[in-house]
Amino acid sequence: MLNHYSWWKWAIIALVIVPGFFYALPNLFGNDPGVQIRGARGLALETTDFETVLSLLSDKELNPKSATFEEDSLRLRFATPELQLKARDFLQRKLGNRYTIALTLLPAAPAWITSVGAQPMYLGLDLRGGVHFLMEVDMASVSRRAEERYMADIRTILRDEAVRYQGIRRVPEGGIEVQLRDAGDSEDSTKAIRKQFPRLEIRQIDRNGTDILGIRLSESERQELSEFALEQNITALRNRIDELGVAEPVVQRQGDRRIVVQLPGVQDTARAKRILGRTATLETLLVDEEHSIDIAISGKVPPGSKLYPMRDGRKILLKNRVLYSGDNIINAAASIDSQSGGPIVSISLDAMGARINQRVTGENVGKRMAVLYIEIRSRVKLDGEGNPVLNSDGDAVRIKERIEEVITAPVIRGQLGKRFQIEGLDSVMEARDLALLLRAGSLAAPVDIIEERTVGPSLGQANINRGLQSVMIGFILVLVFMAFYYRIFGLLANVSLALNLVLLVAVLSIFQATLTLPGVAGIVLTVGMAVDANVLIFERIREELRNASSPQASIHSGYEKAFSTIVDANITTLIAAIVLFNFGTGPIKGFAITLSIGIITSLFTSVFVTRGLVNLVYGRRQLQDLKI
Amino acid sequence: MEFLKRDIDFDFLSKKRAASIVSIILIVAGLISLSSRGLNFGIDFTGGTLVEVSYENSIEVEDVRRQLRVAQFEDAQVQYYGTSSDILIRLPVRSVDNSASISSKIMEVLRMPFLETLAETSTGGIQQCVSESGFHACKVQMRRVEFVGPQVGGELTEKGGLAMIYALIGIMIYVAWRFEWRFALGSVAALVHDVLITVSFFSIFGLEVSLPVLAALLAVIGYSLNDTIVIFDRIRENFRKMRKGDPTQVMNRAINNTLRRTVLTSLTTLFVVLTLLILGGEIMKGFSLALLVGIIVGTYSSIFVASPVVLALGISREDMLPPKKEEFAPEEAP
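Chains A and B are the protein sequences, given in the same order.
Sequential numbering of the first sequence, starting at 259, is according to the working numbering.
Sequential numbering of the second sequence, starting at 6, is according to the working numbering.
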């Protein structure tokens with residue numbers, strides 16, 4: 259029989275539509291003002307923290323609407339923005355530096371929806387407000403610093419080999435030149451440098467009678483250094499952003515020298531820029547084991563030593579003399595010890611660090627050496643009420659804080675040199691975190707902000723409202739037109755157009771694709787273009803009717819004949835959308851995404867679903883004539 | 006309801022001379038404008054800084070200019086943006102002090118007369134400031150800041166041009182594969198025509214070309230092509246179906262067959278684009294305008310440019326006869 263859908267086609271429709279509705283559902287509930295609490299610098303939160311926070315809040319009668327523990331963070335939902343702000347300020351004062359406390363919007367959908375992973379669409383910065391930075395890492399300075407380190411090392415080698423040289427200098431265009439005194443030395447010194455640094459490219463040049471060693475980094479080493487610098491900068495930036503109190507920061511590499519940083523909800527870009535450009539350092543010191551830690555804690559800190567907090571909150575007594583700093587660390591990597599099988603962190607030092615390390619560890623075998631993390635932060639000074647303290651000019655007073663924390667304090671097992679390992683770590687995770695921290699102390703190379711896009715909260719909200727309005731009005735205009743022009747068929751097409759919107763929203767929600775303002779424009783455009791397939795089909799049916807086909811046969815061949823046209827037309831549009839996606843940066847990508855998804859969902863609804871609906875209404879019966 | 010009730014049989018292709026004159030005039034006018042006036046590229050392409058602020062009450066542009074001049078921002082362009090309390094400030098790329106910090110300095114300068122500084126919180130979408138009287142909604146609300154370094158802008162221009170070319174090549178390959186090479190050339194000719202005229206429109210009226218406008222141009226390519234393909238599909242079908250008639254008649258028939266659909270879909274799309282233009286706000290203006298022009302030109306070109314080009318390239322019935330019969334699986338009958 260013509261125009262009848264078998265059960266499995268209905269099953270397919272149901273299998274798409276029912277989950278579609280479900281996954282689109284969270285978008286109806288909107289968001290609650292929320293506070294997100296995470297451990298600072300990648301430390302994990304524990305269930306005890308959870309209870310502490312809740313009891314603190316209930317003491318102050320700032321009870322959240324709900325509190326959940328997901329993805330290493332505690333999420334509190336509040337009834338009003340006022341409560342949210344109060345709770346944030348209160349918790350910040352009570353909990354202090356060990357936590358990152360951020361204002362955020364949390365999906366308000368009930369738990370039975372969110373428990374299966376359904377979430378509202380992920381809004382781009384132009385809709386939710388926030389800052390987007392594109393940063394470029396100064397790779398020239400990475401090579402320069404590496405060459406400077408090599409220069410120091412080469413000096414030492416030449417001295418050790420008793421090679422006399424006139425001078426050693428960095429060539430401005432890159433590379434190192436050693437001017438030798440004696441031509442006979444060039445072979446030996448080349449060999450000596452190669453032995454220590456097999457990866458360096460060394461050429462012997464005779465320039466106007468003087469013998470010169472031209473030394474350059476190999477291309478592979480240069481790439482490795484760049485790669486490493488980029489990775490280290492990303493880690494350092496992540497750590498810094500943690501203190502900005504941003505709920506869902508994005509830090510991503512883009513290409514081989516750029517980093518994208520997105521901070522939703524941040525408006526004070528001056529502060530963000532300040533913090534991202536800030537420096538943190540590492541120092542190594544010896545542990546003071548001659549004096550009792552308990553006496554020191556009780557207040558009698560011995561002269562020449564100082565008490566420091568460890569990461570787990572315990573105290574440790576360190577001698578004041580700094581051995582070497584994070585600047586001397588070239589690399590730190592986590593791995594597994596081939597002998598013991600335990601997790602380790604291998605550290606490489608530059609020449610100066612190596613010399614100090616050799617001497618100090620040689621003299622202090624069996625004692626402990628500590629790695630101290632130091633950071634200078636500045637923040638607005640708050641009074642007892644949590645309001646900012648103002649100076650005579652009406653500016654908020656900023657105070658500088660020096661944050662110090664001992665990352666690790668292992669026992670020295672033997673004399674160490676340029677490379678050494680830290681053992682006795684609990685897990686591979688811990689080893690990795692430690693390696694990251696050791697590397698992330700400071701930026702490996704300066705970064706420049708080469709693009710900034712900030713959207714204020716009011717514009718974000720205005721964009722959402724305008725976007726919604728445009729979608730609704732455009733949608734209604736098309737609905738009215740179709741119903742007016744095609745009557746019953748138009749109504750059926752309208753049902754499928756509405757389903758198309760639901761499916762589009764569902765797909766965007768499932769993939770958590772970023773919805774931007776141009777993305778919303780893509781949805782609006784989809785609404786206008788999605789009826790095209792139905793127009794094609796319905797016009798074809800009319801044509802068949804004019805050719806005196808029976809109503810049922812007309813419906814059948816209308817759908818059949820229009821199909822290949824629809825597919826061709828949509829695939830070509832899809833090609834343009836895919837090119838757009840590959841070309842696009844942030845907001846434009848959003849447009850390409852909604853356009854592409856819209857094309858696919860509209861194919862399904864306007865061909866497959868309307869066919870079903872038409873079959874339901876007109877199929878399985880004798881039709882004398884067809885009003886279309 | 007139905008417009009054009011009776012069978013339409015309009016000789017479109019006989020109008021190709023008139024149509025080509027119209028197209029050529031438009032394109033030549035566009036090229037003259039493009040070569041003399043060029044395009045008003047936004048900071049996405051040129052680099053520079055843009056700050057959009059909203060004042061509590063309406064404000065004189067001249068006052069803002071003076072403030073910025075005093076603070077050494079002589080090169081700032083200041084204009085109203087939509088209303089008399091919204092201001093848009095643009096700064097070109099600077100050789101010295103060319104950094105992202107310019108925008109922060111501008112906000113500080115603008116807040117100075119109100120003796121307020123930004124607090125780090127916002128309530129209900131409104132930025133809060135601190136002054137002697139404590140917390141309050143900022144008198145100057147930062148709406149949007151864009152800073153684009155010169156290195157990024159240059160890349161974008163290049164990438165945008167390349168994207169356009171890739172899209173055209175991809176489309177040409179697909180159409181050549183599904184139809185025939187003459188159709189591929191015809192569709193690409195129509196697309197180049199559409200993009201040129203839309204870009205010319207922006208040049209003639211001095212409208213800003215931003216990143217969203219570029220996106221709209223690519224969407225125009227997609228849309229115009231959609232129209233063209235529908236007609237081409239019908240031309241192919243008619244060549245196979247109609248035993249009589251020369252190529253001109255066959256193609257005319259196809260254009261007439263699909264005319265209602267061409268008009269209807271353009272209408273519904275124009276509905277939504279107009280909605281965007283009216284309701285989408287200042288930011289979406291360029292985008293919606295590009296789409297509006299592109300859709301009108303695209304509808305025209307799919308009838309008056311694409312098909313005549315295919316015809317001029319000497320298409321014949323033999324070219325269109327399938328090597329094997331193309332058929333889609335019929336609906337199963339239970």
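Rather than coming from a laboratory, the hints here were simulated on the basis of the structure.
Check before you lean on any hint, since a few could be wrong.
Said to hold, decoys possible - Below are the SDA-like pairs computed for lysine to any residue, each with C-alpha atoms no more than 25 Å apart in a straight line:
id	chain 1	residue 1	chain 2	residue 2
1	A	344	A	371
2	A	531	B	186
3	A	819	B	186
4	A	344	B	144
Stated by the list, open to error - A partial selection of chain A residues facing chain B, derived with a Cβ cut-off under 7 Å:
id	residue
5	429
6	779
7	830
The beta carbon of each residue, even a glycine, is placed where N, CA and C say it ideally should be.
Consistency of the hints with the structure:
1. Taking the CA atoms of residue 344/A and residue 371/A, the gap is about 29 Å. The hint is violated against a cut of 25 Å.
2. Of the supplied pair hints, the one linking residue 531/A and residue 186/B is violated, its CA atoms being roughly 54 Å apart against a limit of 25 Å.
3. For the hint pairing residue 819/A with residue 186/B, the CA-to-CA distance comes to about 23 Å; that is within 25 Å, so the pair holds.
4. Distance check on the hinted pair: residue 344/A and residue 144/B sit about 23 Å apart at the alpha-carbon level, within 25 Å; holds.
5. For residue 429/A, the interface hint is violated, since its Cβ never comes within 7 Å of a Cβ in chain B; the closest pair sits about 25 Å apart.
6. Restraint check, residue 779/A versus chain B: the minimum CB separation of about 6 Å is within 7 Å; hint holds.
7. Among the interface hints, the one on residue 830/A holds; its C-beta lies about 5 Å from the nearest C-beta in chain B, closer than the 7 Å criterion.
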